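Quick mapping for you: the protein sequence lines, in order, are chains A and B.
Numbering-wise, UniProt numbering puts 77 at position 77 of the first sequence, and it's gapless, one number per residue.
Numbering-wise, UniProt numbering puts 27 at position 27 of the second sequence, and it's gapless, one number per residue.
It should be emphasised that the hints constitute simulated quantities derived from the structure, not laboratory data.
Since the model is a prediction, treat every value here as computed from it, not as a measurement.
There could be a bad hint or two in this list.
Stated by the list, open to error - If you want the ones that stay clear, here's a sample from chain B, every Cβ over 12 Å from chain A, calculated:
no., residue
1, L84
2, E93
3, M108
4, L150
What the hints assert, rightly or not - Simulated pairs of lysine to any residue, SDA-like, Cα-Cα distance not exceeding 25 Å:
no., chain 1, residue 1, chain 2, residue 2
5, B, K77, A, V200
6, B, K77, A, I86
7, B, K77, A, E226
8, A, K493, B, I61
9, A, K430, B, L83
Using N, Cα and C, we set each Cβ at its ideal position, and we do this for glycine too.
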Amino acid sequence: MDTLGYLGQGFGVALTPYNLVTALCGTLIGTVVGLLPGLGPINGVALLIPIAFALGLPPESALILLAAVYLGCEYGGRISSILLNIPGEASTVMTTLDGYPMARKGLAGVALSLSAWSSFIGAFIATCGMVLFAPLLAKWAIAFGPAEYFVLMVFAIVALGGMAGDRPLKTFIAALIGLFLSAVGIDANSGVYRFTGDSVHLADGIQFVVLVLGLFSISEILLLLEKTHHGHQAVKATGRMLFNFKEAASVFWVNIRCGLLGFFMGVLPGAGATLASAVAYMTEKRLAGASGTFGEGDKRGLAAPETAIGASCCGALVPMLTLGVPGSGTTAVMIGALTLYNITPGPLLFQQQPDIVWGLIASLFIANIMLVILNIPMVRLFTRILAVPNWALVPIIAIITAIGVYAVHATTFDLFLMIAIGIFGYILRKLDFPLSPLLLGFILGGLMEQNLRRALSISNGELHILWASPISMSVWALVALMLVLPLMRIWRKRSAQRRALANV
Amino acid sequence: MILQRCFALILLAVCITLAVMAWPYQAAFSYEPVGPRAYPLLMLGLMGLGLLYLAIRPTPIVRKDDEPELDRESLIKIGACVLLLLVFASTFESLGFILSSILIGIPMARLYGGRWLPSVAIISLMSIALYLLFDRTMDVPLPLGLLDVLEN
């Protein structure tokens, strides 16, 4: 087995003391960042990119740091959803449904450690899946030409709208804004300056750190301003901190089922943690039937979404590493980080830089174990962080965000651009546009244009190359399916409404 | 609804302006069939179609429970916050990191409901601490600005 050999090599990379410390710092920073309102995994990873670069970390350590922060953020997000009933982000909404009632019953410590355990199992299953499938997918992906890549990216964008569901049109528009923004700057093929308005600062394009921090941090700061008068009291985590064997055993099969489900949802572009946790929760609720007390603090209701989130986070790394096509906002940010290091993710990465890929996979195992161990003694400390009031937090977030942006190019132009993007992001959010498709579009846009132009250069301008091969044909079929899905859903909703009206 | 229509129409106008901007983008000489113009135009076109549909049939905005209605007061607050951020960006280099972050950090903390004394203390301390952390230990260069004199 080649794979096991490589994995061993990866553990060799990840277990060096330097990388272990990096992973530990990453998980700690990630957990704190995930805990704080207004900062999620996307901001956390984006903020650390310029810093990791400035620190001069070697690429594999930087990647390990970012992956650890990613997992840590997901992990920290659950603490606020269980103790405060405030989901840090969309994916943890399902966790609040049963996690908060459990905490109210005095089982806060158990809920936290059980969710950590579930998430660990989910991540473990997904990492195993990754070890099994990623090399296969990478081998298969070498057969992809520019035309196939282009179609695949179209699929990734369309899948966002098709899977995410309730507002497909707005998702598409957001993605298109991102796709368009990636075209700003000098065109690599012809040297034409596009949409720069003769500004030197835009010649290089919009820096993606500026875009991410503007969209997510600045707009969040403005959103938090509306909620200043809301005070939240955290449930005190007292009593038993660790779940017992019986509790773990009672959710074991839930963990396994939801782990597998989460992994597959994570691999699919566009689905991601939000959908995975929702589907997992609904499925388990139906399976439990009358025996469940879902919504009133059922352990299964807590374990199901947490396992799925843990699994889908790791699953999302599969398309990113093997195809170079990110499936979620956070992995899109990680692609941006890789390009800073001049690493192009994709099938060749597995052959040319196995150290990086397998080191990353191995460090996922390690970061997961660290998170479980950290959680138990440090929950009290983490809950204290939750008590930091907004007035102290927000200015500091603003200042750190500015540092992150300034670290990229050291120009104040980027700061102004970030504020402008932040206001735009705030307006988009107020109008119910989702923001992560915009980010994904921005990352995919450059790749998409290059692949489209390359494909059409091969065929000398004939469009039929885009659907010439069986691979691209089948991906087009999937694209069509994804386009039809939201229409079907809307149609079904409408007819249900009509029937309800007729019955009245 | 009305807001959404306005937004869609404004963005549509921006799209059209950008498309007009993109029209003359031609490579001086080129070895490939697709020039630098096609891709942005394609994106703008698709976006325009989407926006047009949105302007005609806006989708209802789902409000979350904890999201209060936007009133005059919070709009003023948001305006003030944006203004502070702009001041921050424009004084970042001239005043230096520490002074500019104290300058905007304290009013910002007040804006989010902090009291004077703790705001001043925490923001001043954090500004200096962050400067030391990033500039001195993590090698992220930050401008010293007016405090340059202390350096020598």
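We went through each hint and held it up to the structure:
1. L84: Label violated. Min Cβ-Cβ 8 Å, cutoff 12 Å.
2. E93: violated (6 Å)
3. M108: violated (4 Å)
4. L150: holds (20 Å)
5. K77/B - V200/A: Distance ~33 Å between K77/B and V200/A Cα, so the pair is violated.
6. K77/B - I86/A: holds (23 Å)
7. K77/B - E226/A: Satisfied, since the Cα-Cα distance of roughly 8 Å is no more than 25 Å.
8. K493/A - I61/B: Distance ~17 Å between K493/A and I61/B Cα, so the pair holds.
9. K430/A - L83/B: The given pair, whose Cα atoms are some 19 Å apart, holds under the 25 Å limit.
When the structure is compared with the earlier hints, violations turn up for hints 1, 2, 3 and 5 and for no others.
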